[in-house]
Amino acid sequence: MAFTWKGIYVPQGAEQHVAADTPAAKDSIRKARLYGATSTKGRALVWLRRLSQAFFLFLFLYLLVNTEYIPSFGSGVETAAGAESVALDMPVNIFLSIDPLVGLSTAIAAHSLFKGLIWCLVLAIPTLLVGRFFCGWICPFGTLHHWTAALWPSIQGGKRIKRNRLQPFMRLKFYLLVGFLVASLFTTVQIGLLDPICLLTRSVGLAIIPGLNYVAAEALNLMALSNIGFLQSWADTGNTVRASTLSQDQAVYNGAFFLGASLIGLLLMNRYITRLWCRMLCPLGALLGIFSRFSIFGMRKDHEKCTGCNLCLLHCQGAAEPQGGVQWHAAECHLCFNCEGACPEDVIHFKFFPRRSDVEVGANMQRRSFMRAAAAGAVMLPLSRVSTGFWENSNPKLIRPPGSVPEKEFLERCIKCGECMKVCPTNFLHPAAFEAGLEGLWSPVAIARVGYCEHSCTLCGSVCPTGAIQPITEAQKVGKDGHQPIRLGTAFYNRGRCLPWAMDTPCIVCEEWCPTSPKAIWVEEVEVRKERKDGGEVIKLQRPHVDPERCIGCGACEYACPVKDDPAVYITNINESREPENRLLLKVIQQY
Amino acid sequence: MAKAGEIQSPYKGEDIDRRSVLKIAAGGVVGAAALGGGAAWLFDRENRPSEEQGRGMVRDYTVPDDPAYPQVVKIQGSDPSQTLSRAVELMGGIRRFIEPGDRVAIKPNIGWDRVPKHAANTNPLLVAAMVDMCLKAGASEVIVTDASCNDANRAYKNSGIGEAAYNAGARVLLPRKDRFHEMVLEGKLLKKWPVYTPLVYADKVINMAICKHHNLTNGLTACMKNWYGILGGQRNLLHQDIHTSIFDLANFMRPTLVVLDALRILVRNGPQGGSFSDTEVKNLLVVGTDQVAIDTIAADIMGRDPRTIGFLTLSDGVLGHMDLSRIRLKDLTA
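So the protein sequences, as listed, match chains A and B.
Mapping the first sequence onto the numbering used here, position 46 (from 1) lands on 46, and the numbers just tick up by one.
Mapping the second sequence onto the numbering used here, position 334 (from 1) lands on 1334, and the numbers just tick up by one.
Just so you know, these hints were derived from the structure itself, not from any lab.
Glycine included, C-beta positions come from ideal geometry on N, C-alpha and C.
Please note that the accuracy of each hint is not assured.
Here are the in silico distance ranges between beta carbons for each label pair [as the list claims (entries may be wrong)]:
| # | chain 1 | residue 1 | chain 2 | residue 2 | range |
| --- | --- | --- | --- | --- | --- |
| 1 | B | 1308 | A | 483 | 52 to 60 Å |
| 2 | A | 406 | B | 1308 | 47 to 55 Å |
| 3 | A | 536 | B | 1308 | 22 to 30 Å |
Quick partial rundown of chain A residues pointing at chain B, CB under 10 Å, derived from the structure [to be verified]:
| # | residue |
| --- | --- |
| 4 | 86 |
| 5 | 234 |
| 6 | 455 |
| 7 | 556 |
| 8 | 564 |
| 9 | 566 |
Turn these sequences into a full structure, and let the hints guide you.
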């Protein structure tokens, strides 16, 4: 059969490997190969779904690469008299905002649904009515799994069909969901570790995009250094394209290797079992599966027509048991319509109000496993909080973004999605390793050796979907119009490494970079004898000091310090304004 | 063509034929030539100066001096555009400096994420006026760019310069790592350094600096220090000998025209300020061709003694004159 939109993929040797060993099943396979699927509606839905998947994957990536502020000049706004505020021109976090698991778990933990998360109803309500359409039609991570499984399978034919049956281990996702939600009840939000939107945003935004950018920039750099005229001019054009599509500056992130490698590893699982992530691990899929219990949409099977050719099973994405003779599992089905679109015998029909006898709903969790999962979720918080590092002996380098809520509330809200890190213009914010304990894995932590907090910038708060970083104004941040400035910490000098202090050499780059007015770093003019082995000389020198009452802990001094390895001026989180438990100066305490 | 089997067994003695022998020999020759040529090409490659580096040394964008016109004009005025065009008119008109078809690079100070009223960056209206003048003089392209200290996206936006220059018809380039190339500067201190090429590969270069406070240079940063913005790499090391590095840069870059923006100056907390109260309105503009003389005037505007400023004394008589009586100065404010 020539390739037509109604054609379905029927592998070579399907008669032997795919079909039940009956003449009728083999006949079905031949029919499928010759005429395609019987259901026109089924094939049309499959093509619509592919279109939808491509669109939403593109939209996701488009929003992610645009989670970066690049000014567009010539927008017609006159800024010469006074600048308009810097802001992103699109709602880059909508995928996170419509994620009901983000809404549910942060609402359980923080007892409040943060503003934009009300949009999760856009997804939650239709799922109640029709089932897990998000997984099959929208989820960008699901689409990547789907494509990997379809385009690069390692196991095919009969073996793949065996693996496409619903297996008991696939209930793991429900237990993970239970564990995460119980942890949320105990006020620690951990869904971000495995929530597909959080995971994909984090891994693609912080590892894959920077990685691609690195490869592109290096390749273009080779062209630019070639000393071949036309290659050099292509390199410049190529770099313009690279900067506008990937990222303008090369970003680096703490532990990006693991973020990228784990994503690739998860995708490679599809080579052995189709969409294993979605079937076994995805807590959002589990939540939507539970929501689908009340769905009025589902599968009707004409069991008597089924010949057992198993083409539906071969193409099944969710391990939802589409084949004749058994019940279809609503909680597992992604509504991809592959089965209806593959059936050569007109057995499978998706419709409203299907026969109840065809449908199995619910998660089928075992009571004991459910209790074990709940218990695991429950011990997470107390064990973390009775470890040192949270209340006592906390990490001085745990510097949170400007506008962050106090640490306890922060862990009730942060979903580790990495939006703040992706948008940070100076590469200041990074996914934490263990700076914030095991609980705070991949939550944002500032590394002032890599970047610094740009004085007027409030972008991280503007993209945070959960309010862990509050949306603040520039005036609130820098302390104008009656506000006290937001402090991330305090700068300290290591005079044993500082050029003017330790080596009697002029420097004060830190003072130049200190953005407050008056500056928190001030210089003392001294005349010192610069000793050398063969004599010495008297020189004038400026030695820097920190005024801790003025210091906002932005880290510009640490970033700019020329002592690159172990900086002579560095910030720690003491005196951060968000945390009443971490104050230092009496005078500053009075201000808040 | 010999069959594959024959090639696979060329050493079986009796069944080797001439064709196989020639093929093997040809392969050997090509392989040897490739290895030898490749090795010769790669041999000690890192120590061969690239064409680009050789194009360093002194970058002279000046036009011939004309005794009929002043070398420096100091002028008062509150309207940036009018004041600038009057000053340039007194200097002999923009056509004296820009020829039709020239590619012009304008180097304002876009170092900091500050708004115009903070006086940390060059006045955007002044930059726009200069772009406009150059285009009217027939310049084929006017590039406005700077290697900012703060995030360039924000600095270009909040300084207002990106927008103003773009609207005036300039090509506004955001600094990108790939546009920095290592060059030989042959200075006293700066021997080799990554240089921001769009500001160097041009027919004419115009330095448009703002008069600001800076603690390290006895309280002054103006035109000569503005050349820091053509450098990439670890420029924070240069503070250890800031005066020599400024001298080297001003020696390397000999601009067509120099404009000192002293309309609103930053008198405290330089070089980035951050409070409107750190600024003072002076309504002054200095335009000319002598960087040293103009920075001497800048020191005077800032209320500093130019003789205490190291980069000026180093440059006096070499790159220009601190003694204003030795240059043709037209001071309209006197």
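Quick rundown of the hints versus the structure:
| no. | hint | verdict |
| --- | --- | --- |
| 1 | 1308/B / 483/A: 52 to 60 Å | 40 Å, violated |
| 2 | 406/A / 1308/B: 47 to 55 Å | 50 Å, holds |
| 3 | 536/A / 1308/B: 22 to 30 Å | 23 Å, holds |
| 4 | 86 | 6 Å, holds |
| 5 | 234 | 12 Å, violated |
| 6 | 455 | 6 Å, holds |
| 7 | 556 | 9 Å, holds |
| 8 | 564 | 8 Å, holds |
| 9 | 566 | 15 Å, violated |
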